[in-house]
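Student: Sequence:
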Amino acid sequence: MKESEKQDQNLRQIIFLIIVCLLFLFIAKHLLFMLSAFLGAVSLYVILRIPHKKLQRKYKIARSKSTVILLLLSAILILLPIYLIGNFLSLKIIPYFNEPKPIVDALHAMNAYINQYIEFSILSSATLNKIGGIVQAFAPGLINYSLNLLSNTIIMYFLLWFMLNKGFEMERFLKVNSPFNRINHRKVIEHIKTSIFSNGVGILILGLIQGIVAIIGYSIFGLEEPILWGLITGAASVIPFVGTMLAWVPLSILIMANGHLNAGIGLFLYGLLIIGSSDNVFRFILQKKLASTHPIITVLGVIIGLSYLGFWGLIFGPLIISLSLLLAKLYKEEFILPQKKRTP
20 MKESEKQDQN LRQIIFLIIV CLLFLFIAKH LLFMLSAFLG AVSLYVILRI PHKKLQRKYK
80 IARSKSTVIL LLLSAILILL PIYLIGNFLS LKIIPYFNEP KPIVDALHAM NAYINQYIEF
140 SILSSATLNK IGGIVQAFAP GLINYSLNLL SNTIIMYFLL WFMLNKGFEM ERFLKVNSPF
200 NRINHRKVIE HIKTSIFSNG VGILILGLIQ GIVAIIGYSI FGLEEPILWG LITGAASVIP
260 FVGTMLAWVP LSILIMANGH LNAGIGLFLY GLLIIGSSDN VFRFILQKKL ASTHPIITVL
320 GVIIGLSYLG FWGLIFGPLI ISLSLLLAKL YKEEFILPQK KRTP
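Residue numbering for the sequence shown is 20 to 363, as defined by this note's numbering.
Just so you know, the hints here were simulated from the structure itself, not pulled from any lab data.
It is possible that some hints are incorrect.
Estimated spans, in silico, between C-beta atoms of each pair [claimed, not checked]: (1) 92 / 238: 27 to 37 Å; (2) 224 / 37: 47 to 57 Å; (3) 243 / 102: 13 to 23 Å; (4) 293 / 243: 18 to 28 Å; (5) 84 / 37: 22 to 32 Å; (6) 54 / 212: 18 to 28 Å.
Cut-off 30 Å, straight-line C-alpha distance, at most; resulting in silico cross-link-like pairs (BS3-like, lysine-lysine) [claimed, not checked]: (7) 73 / 194; (8) 351 / 206; (9) 351 / 185; (10) 212 / 111; (11) 48 / 73; (12) 212 / 48; (13) 194 / 206; (14) 84 / 72; (15) 194 / 111; (16) 84 / 212; (17) 212 / 194; (18) 185 / 79; (19) 206 / 25; (20) 212 / 25; (21) 348 / 212; (22) 194 / 79; (23) 111 / 206; (24) 120 / 348; (25) 185 / 73; (26) 73 / 84; (27) 185 / 72; (28) 84 / 194; (29) 348 / 194; (30) 48 / 72; (31) 212 / 351; (32) 185 / 48; (33) 212 / 120; (34) 194 / 48; (35) 72 / 206; (36) 77 / 206; (37) 72 / 194; (38) 212 / 77; (39) 351 / 194.
Everything numeric in this text was worked out from a predicted model, so none of it was measured.
Think of the CB as a built atom: it goes at the ideal place given N, C-alpha and C, for glycine as much as any other residue.
Take these sequences, add in the hints, and give me the full structure.
Tutor: Shown next as structure tokens:
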């Protein structure tokens with residue numbers, strides 16, 4: 020091949036790669052809104068992959084029927100509790116969006132109670148007077164979030180349907196196009212599977228523990244329907260650091276808003292000292308035991324994940340950091356160390 024022809028071929032190759040990259044960037048930009056749904060589908064695929072194969076091989080059920088069965092079961096186990104909790108919360112909380120005065124009065128009462136013993140105010144009088152407007156302004160955002168959650172859920176199950184039906188082809192495509200050798204490719208895939216499965220199971224166990232601890236406190240301080248509120252607290256525990264506070268802080272205020280000042284403050288202290296402490300303790304223990312993930316990786320991963328990936332960042336945030344460290348290690352093993360061995 021002549022030198023000029025070789026240069027022309029290299030130029031065409033570069034132009035071709037640029038066009039392909041630009042097209043992929045264009046597609047990624049306009050499908051970015053589906054990222055959370057895609058990650059959710061990947062998480063459920065990893066969890067349902069083995070049961071899906073078992074239904075086909077052991078029970079001789081067709082692939083499409085196996086997919087339908089698992090989609091229905093997962094929807095019942097995941098979506099039904101979310102619907103029941105959402106319906107319960109709407110009945111209990113929406114009235115306060117329309118008339119937030121009891122909440123403002125409860126916060127004034129809490130300030131007055133604390134000022135009996137120390138000169139300290141949780142919120143200034145000016146802020147307390149603005150809370151009514153803040154609560155009412157929060158309602159439209161909550162509605163938009165609910166609609167986004169619904170649309171993401173529909174997209175997630177749409178993607179999951181194709182992943183389960185085309186799982187073998189998808190895994191083979193990844194294997195054939197992997198940049199690693201066979202051993203390192205298996206290490207990466209196993210690391211991803213283990214992290215997703217362990218984090219998913221860890222979230223469920225943590226939510227159950229937090230729910231039980233919360234039910235005990237809610238029963239002690241006379242909250243109506245403590246089991247259901249405990250389940251809601253367990254669901255809120257998936258958000259690190261502030262998760263359970265999203266449940267027991269508003270509940271403490273609502274109890275005070277209904278005229279039970281001492282019980283409300285008692286529940287607030289129970290949540291701060293017992294529920295809040297056990298949340299952080301059990302979170303680190305579970306993450307360490309189930310996935311052998313260092314607590315620092317878990318914390319940093321969750322911060323990154325929640326900022327950019329939404330709910331599924333709880334699983335994929337720590338995975339991104341741990342996978343980055345693993346890829347750096349594999350790169351060293353596959354490319355750097357062999358060169359050092361060949362160097363005389």
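Student: If a hint holds in the structure, say so; if it doesn't, say that too.
Tutor: Checked hints:
| no. | hint | verdict |
| --- | --- | --- |
| 1 | 92 / 238: 27 to 37 Å | holds (32 Å) |
| 2 | 224 / 37: 47 to 57 Å | holds (48 Å) |
| 3 | 243 / 102: 13 to 23 Å | holds (21 Å) |
| 4 | 293 / 243: 18 to 28 Å | holds (20 Å) |
| 5 | 84 / 37: 22 to 32 Å | violated (45 Å) |
| 6 | 54 / 212: 18 to 28 Å | holds (20 Å) |
| 7 | 73 / 194 | holds (22 Å) |
| 8 | 351 / 206 | holds (14 Å) |
| 9 | 351 / 185 | violated (34 Å) |
| 10 | 212 / 111 | violated (39 Å) |
| 11 | 48 / 73 | violated (37 Å) |
| 12 | 212 / 48 | holds (27 Å) |
| 13 | 194 / 206 | holds (12 Å) |
| 14 | 84 / 72 | holds (12 Å) |
| 15 | 194 / 111 | violated (51 Å) |
| 16 | 84 / 212 | holds (24 Å) |
| 17 | 212 / 194 | holds (15 Å) |
| 18 | 185 / 79 | holds (18 Å) |
| 19 | 206 / 25 | violated (39 Å) |
| 20 | 212 / 25 | violated (44 Å) |
| 21 | 348 / 212 | holds (18 Å) |
| 22 | 194 / 79 | holds (27 Å) |
| 23 | 111 / 206 | violated (49 Å) |
| 24 | 120 / 348 | violated (58 Å) |
| 25 | 185 / 73 | holds (16 Å) |
| 26 | 73 / 84 | holds (13 Å) |
| 27 | 185 / 72 | holds (12 Å) |
| 28 | 84 / 194 | holds (26 Å) |
| 29 | 348 / 194 | holds (20 Å) |
| 30 | 48 / 72 | violated (34 Å) |
| 31 | 212 / 351 | holds (22 Å) |
| 32 | 185 / 48 | holds (25 Å) |
| 33 | 212 / 120 | violated (49 Å) |
| 34 | 194 / 48 | holds (26 Å) |
| 35 | 72 / 206 | holds (22 Å) |
| 36 | 77 / 206 | holds (28 Å) |
| 37 | 72 / 194 | holds (19 Å) |
| 38 | 212 / 77 | holds (23 Å) |
| 39 | 351 / 194 | holds (21 Å) |
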